[in-house]
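Number of protein chains: 2
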Amino acid sequence: MSGAPIDFYFDFASPYAYLASARIDALAGRWGRVVRWRPILLGAVFKISGGMPNLNKPLQGDYLRHDVPRCARLWGVPLHQPLPAPFPSLAASRAFYWLDQAGGEHSPAALARALFHAHWAEGRDMALPENVLDVAASLGLDRDAVEAGIAETAVKDRLRVETETAISRGVFGAPFFVVDGEPFWGADRMDQIEEWLRRGGW
Amino acid sequence: MSGAPIDFYFDFASPYAYLASARIDALAGRWGRVVRWRPILLGAVFKISGGMPNLNKPLQGDYLRHDVPRCARLWGVPLHQPLPAPFPSLAASRAFYWLDQAGGEHSPAALARALFHAHWAEGRDMALPENVLDVAASLGLDRDAVEAGIAETAVKDRLRVETETAISRGVFGAPFFVVDGEPFWGADRMDQIEEWLRRGGW
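Here the protein sequences line up with chains G and S, keeping their order.
All residue numbers for the first sequence refer to my numbering, where the first residue is 1 and numbers rise by one.
All residue numbers for the second sequence refer to my numbering, where the first residue is 1 and numbers rise by one.
Simulated from the structure, these hints should not be mistaken for lab results.
There may be inaccurate statements among the hints.
Said to hold, decoys possible - Keeping only pairs whose Cα atoms sit at most 20 Å apart, straight-line, the calculated SDA-like set for lysine to any residue is:
#1 G:47 / S:58
#2 G:57 / S:168
#3 G:47 / G:90
As the list claims (entries may be wrong) - Computed spacing ranges between beta-carbons, pair by pair:
#4 S:195 / G:47: 16 to 26 Å
#5 G:195 / S:58: 42 to 52 Å
#6 S:160 / G:130: 44 to 54 Å
#7 S:168 / G:106: 24 to 34 Å
Built from N, CA and C at the ideal position, the CB exists for glycine as well.
Let the sequences and hints guide you as you build the complete structure.
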């Protein structure tokens, strides 16, 4: 069990990031790697790249509403139907970084998995801070502490800095992985990530 | 050896369509399928979808210049370095449909493979009609006949109709495949296409 962590950049609003989130830890674990979960705000990326949520694009949006469930069935990932909409993930992302900065017994990655699951598998709207707090509380976190935490300036700054750092590393979409300096974009690059780890590159 | 043809929509200008073009016939053949090659003009699609060539996008373009060669190495597809630019594929696409309408001994798919290879593996600019004619002539086609053919109104109309038909079927990018009515977008969906053929869907 060695090797650098795999950086996993995601926006909770991305359905493909959700699909990836359900599979990345097991993949990394098979190769003795841990995953460094890094929520970012794709909206900030889109301001630079001119992008927009793919689900909102004409033609492509219809395809994605077909492709995401098809991938979920293939990979055995639970998915709410009809597919939930992308959402402003500010509260969810800040809750993650508050917990990351607070330290302690609770795992930020476990919170991220639970937030992803609540929105994309259960259809609960994680745009709403009260729903984010409900999920955090269900994991045993202090609801009031989380509520205060996501309002902290240091937490807000952390999310902004992580997003800026991601952009400076070339991240332009989600999920986006960096494995030993090598960038991989998309849930559909995870087979290549596994091959990269197996061979040590090619 | 049975089953409906696999529709393969592509623009010669797409590097991922090139990567797919080098692999789709073998994949289909393993499952007793033939491939119906259908060049289209993504520019017409982008007018509806608001898209643009991914290689020209900020951030994403840099990633693609890294990802395309990496995929080519993994899949054993020859690729010119530095990566050629996307190009206006009007002449190449018209040459394909002229040959398709002319019938005879020459295979339109073989011409398509040769045109893809000339641009993306050899770095010859297929935006230029004279280069397209050179490739056609190298396959034994009558250069003058091709030159006259790509100027025919019926051929120009055919390309427009094929592009419009593709859009009406939901095609918004390339490569795009339709397998027994099921749409798959991207060279990175070819593993899923193979799985779809193996299982008969899921």
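CB-CB spacing for residue 130 of chain G and residue 160 of chain S relative to the 44 to 54 Å hint: Holds, at about 53 Å.
Residue 195 of chain S paired with residue 47 of chain G, Cβ distance criterion 16 to 26 Å: Between residue 195 of chain S and residue 47 of chain G, where Cβ atoms are some 37 Å apart, the hint is violated.
Given pair status - residue 90 of chain G, residue 47 of chain G, alpha carbons within 20 Å: holds, 16 Å
Supplied distance hint 42 to 52 Å, evaluated on CB atoms of residue 195 of chain G and residue 58 of chain S: About 28 Å separates the Cβ atoms of residue 195 of chain G and residue 58 of chain S, which means 42 to 52 Å is violated.
Distance restraint between residue 47 of chain G and residue 58 of chain S, which requires alpha-carbon spacing of 20 Å or less: With Cα atoms ~11 Å apart, residue 47 of chain G and residue 58 of chain S stay inside 20 Å; holds.
Restraint check for residue 57 of chain G with residue 168 of chain S, where alpha carbons must lie at most 20 Å apart: holds, 16 Å
Hint check for residue 106 of chain G and residue 168 of chain S - Cβ pair distance inside 24 to 34 Å: Violated, since residue 168 of chain S and residue 106 of chain G (Cβ atoms, about 51 Å apart) do not stay within the stated range.
In summary, the numbered hints that this structure violates are 4, 5, 7.
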